[in-house]
Amino acid sequence: AQSVDQPDAHVTLSEGASLELRCSYSYSAAPYLFWYVQYPGQSLQFLLKYITGDTVVKGTKGFEAEFRKSNSSFNLKKSPAHWSDSAKYFCALENTGANTGKLTFGHGTILRVHP
Amino acid sequence: GPKVLQIPSHQIIDMGQMVTLNCDPVSNHLYFYWYKQILGQQMEFLVNFYNGKVMEKSKLFKDQFSVERPDGSYFTLKIQPTALEDSAVYFCASSLEHNSDYTFGSGTRLLVI
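Same order as they appear, the protein sequences are chains H and S. Counting from 1, position 101 in the first sequence corresponds to residue 101 in this note's numbering; the numbering is continuous, with no gaps. Counting from 1, position 31 in the second sequence corresponds to residue 146 in this note's numbering; the numbering is continuous, with no gaps.
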């Protein structure tokens with residue numbers, strides 16, 4: 001069975017710093033990987049995805065993520081961070097084998113960026 | 116961008132009663148999903164739906180749960196009867212196809228008392 005781990009429940013940094021949110025996964029085949037962001041009281045918003053090809057994927061709002069098969073990671077990055085990036089971020093994996101659109105989510109990381 | 120609307124945003128219901136959660140997906144999307152998030156836990160897949168049929172359901176999708184989308188109207192999740200452990204936030208999502216961008220709603224916060 002697949003799983004997604006976001007080891008940091010909270011990340012706090014100052015505006016202008018570089019941010020990196022960690023995500024690791026466990027899956028027997030080649031994964032499809034996603035990052036979503038959730039602002040308070042709002043729905044999950046798609047940031048980016050990795051399906052195949054270039055291991056560095058760029059998404060919306062200036063974010064990018066790097067797929068590293070060697071250590072099963074898909075960390076989200078942005079530099080510089082802005083106070084408006086404060087939100088909860090979810091990493092997710094899609095089961096490529098069954099082709100049913102079933103996403104497995106991590107617990108999420110709450111990011112606080114101080115002005 | 117296009118949105119998924121969920122109605123109602125909050126619902127409080129007595130244990131044993133029936134509840135219907137409504138989802139208005141993105142208009143041209145073909146695949147529909149329900150996820151459940153218990154407070155403090157991660158979001159978990161419940162079911163997906165395509166062409167009028169359930170394609171896959173998880174072990175969380177109990178016999179008391181059902182989904183339908185009659186005549187292109189709301190995509191609904193019905194729980195009958197409800198139990199205390201059904202209290203959670205239920206998220207609806209839709210997509211044009213698999214492995215594409217999934218659009219999520221804001222969730223319905225269900226409290227069973």
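Certain hints may be false.
[Claimed, not checked] Derived EDC-like pairs (lysine to aspartate or glutamate); straight-line CA-CA distance at most 16 Å: (1) Lys-58(H) <-> Glu-212(S); (2) Lys-49(H) <-> Glu-183(S); (3) Lys-61(H) <-> Asp-85(H); (4) Lys-49(H) <-> Glu-212(S); (5) Lys-193(S) <-> Glu-212(S).
[Said to hold, decoys possible] In silico negatives: residues of chain H with every beta carbon more than 10 Å from chain S: (6) Leu-13; (7) Ser-14; (8) Arg-22; (9) Ser-24; (10) Lys-77; (11) Leu-103; (12) Gly-108.
Don't read these hints as lab results, they were simulated from the structure. The beta carbon of each residue, even a glycine, is placed where N, CA and C say it ideally should be.
Status of the hints after comparison with the structure:
1. Using a Cα cut-off of 16 Å, the hinted pair Lys-58(H) and Glu-212(S) is violated, with the two alpha carbons roughly 21 Å apart.
2. Restraint check: the Cα-Cα separation between Lys-49(H) and Glu-183(S) comes to about 29 Å, which exceeds 16 Å; the hinted pair is violated.
3. Of the pairs offered as hints, the one joining Lys-61(H) and Asp-85(H) holds, with about 9 Å between alpha carbons and a cut-off of 16 Å not exceeded.
4. The hinted pair formed by Lys-49(H) and Glu-212(S) meets the criterion: a straight-line CA distance of about 14 Å does not exceed 16 Å.
5. Between Lys-193(S) and Glu-212(S) the CA atoms are separated by roughly 24 Å; this puts the pair beyond 16 Å, and the hint is violated.
6. Separation of Leu-13(H) from chain S is adequate, the least Cβ-Cβ distance of about 23 Å exceeding the 10 Å criterion.
7. Non-interface status of Ser-14(H) relative to chain S is upheld: no Cβ of that chain comes within 10 Å, the nearest being about 28 Å off.
8. With 10 Å as the threshold on Cβ separation, the claim that Arg-22(H) sits away from chain S holds: the shortest Cβ distance comes to roughly 15 Å.
9. At roughly 14 Å from the closest C-beta of chain S, the C-beta of Ser-24(H) stays outside 10 Å, upholding its exclusion from the interface.
10. With a least CB separation of 20 Å from chain S, Lys-77(H) remains clear of the 10 Å interface cut-off, as annotated.
11. Against the 10 Å criterion, Leu-103(H) falls within the reach of chain S, whose nearest CB is about 6 Å from its own CB.
12. A beta-carbon of chain S is positioned within 10 Å of the beta-carbon of Gly-108(H); the least distance is around 7 Å.
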